[in-house]
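Colleague: Based on the sequences and whatever the hints tell you, model everything.
There are 2 protein chains.
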Amino acid sequence: MAAAELTAQQLTEKHNPTLFKALDAIATRAYWSPHPEHPKAYGEGSPFEGSLSAADGKAAFDALLGSRFDLGQPGTDGWTGGSENGEVSPYGIELGVEYPHADLDVLLPAMRAAIPAWRDAGPELRAVVCLEILARISARTHEFAHAVMHTSGQAFMMAFQAGGPHAQDRGMEAVAYAYAEQVRTPGAAEWSKPQGKRDPLNLSKQFTAVPRGIALMIGCNTFPTWNGYPGLFASLATGNPVVVKPHPRAVLPLALTVRVAREVLAEAGFDPNLVCLATENPGEGIAKTLAVRPEIRIIDYTGSTAFGDWLETNARQAQVYTEKAGVNTVVIDSTADYKGMLSNLAFSLSLYSGQMCTTPQNLLIPRDGITTDAGPKSYDEVVTDIAGAVSGLLGDDARANALLGALVNPDVKARLEAASGLGEVALATREVENPEFPGAVVRTPVIVKLDGTKPDAEAAYLSECFGPVSFALAVDSSADAVELLRRTVRDKGAMTVGAYTTSDEVERAVEEACLEECAQLSLNLTGGVYVNQTAAFSDFHGSGGNPAANAALCDGAFVSNRFRVVEVRREAR
Amino acid sequence: MAAAELTAQQLTEKHNPTLFKALDAIATRAYWSPHPEHPKAYGEGSPFEGSLSAADGKAAFDALLGSRFDLGQPGTDGWTGGSENGEVSPYGIELGVEYPHADLDVLLPAMRAAIPAWRDAGPELRAVVCLEILARISARTHEFAHAVMHTSGQAFMMAFQAGGPHAQDRGMEAVAYAYAEQVRTPGAAEWSKPQGKRDPLNLSKQFTAVPRGIALMIGCNTFPTWNGYPGLFASLATGNPVVVKPHPRAVLPLALTVRVAREVLAEAGFDPNLVCLATENPGEGIAKTLAVRPEIRIIDYTGSTAFGDWLETNARQAQVYTEKAGVNTVVIDSTADYKGMLSNLAFSLSLYSGQMCTTPQNLLIPRDGITTDAGPKSYDEVVTDIAGAVSGLLGDDARANALLGALVNPDVKARLEAASGLGEVALATREVENPEFPGAVVRTPVIVKLDGTKPDAEAAYLSECFGPVSFALAVDSSADAVELLRRTVRDKGAMTVGAYTTSDEVERAVEEACLEECAQLSLNLTGGVYVNQTAAFSDFHGSGGNPAANAALCDGAFVSNRFRVVEVRREAR
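One line per chain: the protein sequences are A and B, in this order.
Residues in the first sequence are numbered consecutively from 1, following UniProt numbering.
Residues in the second sequence are numbered consecutively from 1, following UniProt numbering.
Treat the hints with care, as some may be off.
Remember, identical chains collapse to one label, so a pair may be satisfied in a single copy or spanning two.
For lysine-lysine, the following DSS-like pairs were computed, each having C-alpha atoms within a straight-line distance of at most 25 Å [claimed, not checked]: (1) Lys21 / Lys193; (2) Lys21 / Lys288; (3) Lys339 / Lys193; (4) Lys413 / Lys197.
Hints were generated in silico from the structure; no laboratory data involved.
Only a predicted model underlies this, so the values are computations on that prediction, with no experimental measurement involved.
Modeller: Take a look at the structure:
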């Protein structure tokens, strides 16, 4: 192994203060982030060492287009992507990047060989190496923003924030949890058991956190970094090499991530093969192949319920962490801020064209209407007013483009187009021109009225309709809304639940339903926080306790079984 | 719910100091236990409030014989056990106790109904209620000792210690881990995110640890309390009701446990149905039925690999924690204390007739012999000397009875009898009379010589031969011994590994094998600590990282996924 350019001491001095702040934040759940959200915080004059300006980040991204992304990985036996099979931006441009294709029988043994030195580095050094990786990623946030934008279809500002600082926050959160979990047991202990009048029994004990094996992180199309970093960093910080298998439409952000990780690992004196990329040719289905390899002992996955269930059923040699589909509900019982509710909901339904696992889908509204600070509102009025709020928010095309981004793939477009056949359309979708990227498919959300008490409507509203589609469900009462909420979470899962009510009784009923069915609840949001957004270090993303996900981001359970503790005990001398 | 006889304040004042000491112990791993090992520490004059003396404990046990053990559980639709189908002590006496049989369609809903109040009690109160249960069990240690002895076949002193204080320690350890895990996230937080010149975004957040559902604890025959308490208390302390399904031959210790738990829960104002007993008629197979009920969300199991694997494969709605079979190895390379090694190994092989999941099975000895402080010893000499040490240790029948206990069931006896046909017998088994219990089947261990390099011997030594059977395996070198150790742990699992060596190189190789294959290692034990014993709060039992067990007792991973955290957030006023 080469002499380290980055010493443990340098890394520790640089990153320990941040690590301790992160540990403090996850314990207090107060607001904290070391990663600025504003694009102007990066580049020249920024406190962030070596950070790329907007122009430099864009130039770095442009330089990647049509290039071969060589990572110097062992077992590279060809190239995927490129001009024929490569990523095409939802904004219409071809990325044309070529990525290494791996012979797994070479790659995986090389990754395993990297384990002992990384294990022996210990939790502290692993943590600060991970933080250095995140710092280098943070410095390239402008470059990542373009890569995320042109794979996910997120609008630039969202790609910048969710794909940059917010993803980095979630990665750091995982590092903090991993570190805390590993140091709960000390590295060594002296044990002395009294034996009455005889000499005590004395043992010296050593405790070592040992990794499970190779971790597989399967990336998703919509949030390649945000959904990918927690698993990637949780596994790496607990000593496991990580093979990153991106979604074929969203390779670039994770390829960039792997490159940075490999650079830092090598500079710190570790084997860069601790983090490798595995990409595939069309139809190769490499995720399935990798998932059941005996070397793979941990899997993190975000995506469809079908493949998530397949992983849980078949990858039995691995610890499997999945985030799958769910059906998110908002109960609308009453409000003391009707206008605030409407604008808050309109934003939630519009952001990234509803292509978030956290976007509300079913709006449950009593058919006899609701009470508000603006007087009683009938079911029809509420639906009309929500539709109006969405229309108003997206009336200006520039604003609409900035909020909606582009539809990520043709399936979303097809679902959107089919939605208007499901019931009475309260808000029709509208095509929005994107002058900068004429190839972008940009659509405003559709809202469909359904009767939430009619069994024949269930097929529509009790399955996830991923994309800019929501259902305004008429229910007989708020009590029935809570029952439907409960049934939806139990049977279909939910990443988020929202509720608007001024009634203590209804509030308590919704809370109880969420506690019993294990769903994260946002109550009466009328300002600048939205039900579909969570903040690392404070909010949990998912609960891990309903069918939408078997893990939450991020908690002790997310990290504690990624390593085991091996004890060596000797008689004390 | 009845007014609590035990208030939260009383329980907290009484048990918080102990809880904090337990939390300190699991963090330092230094020696600690609040439960005395000596039988005379209990009874009159003892600092343990209301504790039963030896005579009172025996009388309490005797009063149970032939009785109906009514727990007042809902859905009791008959009685199991009794004079016809009841437990028969390995010491020959019939217990004849009748236990309630449950209609699960009544029992499980009653248990679920108990959840909300127990959840709302919070981690602190749940912890001290659990500690009160343990304190009441501790006070009845003498009674439990007889119940454990006459179901497991352990000798009295071992039944007293392992079934009493050591089991209570493991239960308390689980409570401490569960408490620590739940309070990592605060109950509430204020979150304020700066927005530049605009007002900050302010949210009030509540975090609630919510249980998974009903937990199922499936008890084992040999250590009903020691192996049962960690799962039972980990689940209960994290808010889950627990249905206890004892091994049909070892019901009484867990029935007593359930009775105490129900008493304490009721006195503390909670629903006693948070802990229930489920017993079965012969051939009913209630564990399988329960394991796949949708209400069951957590399963703890100790027993055969076959049923453990079945649970992991089929009980997919539950978190499944299993301890299964393994093959424990001792590498004998060299020693600086030959006599100490011999006596230490002899004790390990003899204790409870080798009926511990931690008892060494395969002794790996280079065929060219080993170096010792008493000069070089050939393979034959080492085997002969170990055999001699066992013979010497068990030469006196009274001592033999006190160490060996009784064979727990006819299968163990059959395996023991078959073992002498597997190879050259280095130490033959001997029948020991038990004058107090003439019906007891007491046998000394057999040691069989095998060639560890002959593939046809593998069928014998590469499967668990549970009971007083060990194999002295000749290997070509210590390096080969380490390779065989590695292969054994990887393929068959191991709860323990031992090694004797004075060579730094061999020590390092054994350590590396244990770190890579994830097994707990005891090095050069020659005194009063044995490879098959672990101490709660300091030693891990199993690693959770090899096929012998998917969890360790006890660590963060053992508790962190028994509950989830539900967040409710509101705009701050």
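Colleague: Could you figure out if Lys21 and Lys193 sit no more than 25 Å apart (CA to CA) within one copy, between two copies, both or neither?
Modeller: between (38 Å within a copy, 16 Å between copies)
Colleague: How would you label the pair Lys413, Lys197 (within, between, both, or neither) given a Cα cut-off of 25 Å?
Modeller: neither (80 Å within a copy, 39 Å between copies)
Colleague: At most 25 Å between CA atoms: does that hold for Lys339 and Lys193 within a copy, between copies, both, or neither?
Modeller: between (68 Å within a copy, 23 Å between copies)
Colleague: Please sort Lys21 with Lys288 into within, between, both or neither, judging by C-alpha distance up to 25 Å.
Modeller: For Lys21 and Lys288, neither the intra-copy (39 Å) nor the inter-copy (48 Å) Cα distance is at most 25 Å.
Violation of the numbered hints given earlier is confined to hints 2, 4; the remaining hints are satisfied by the structure.
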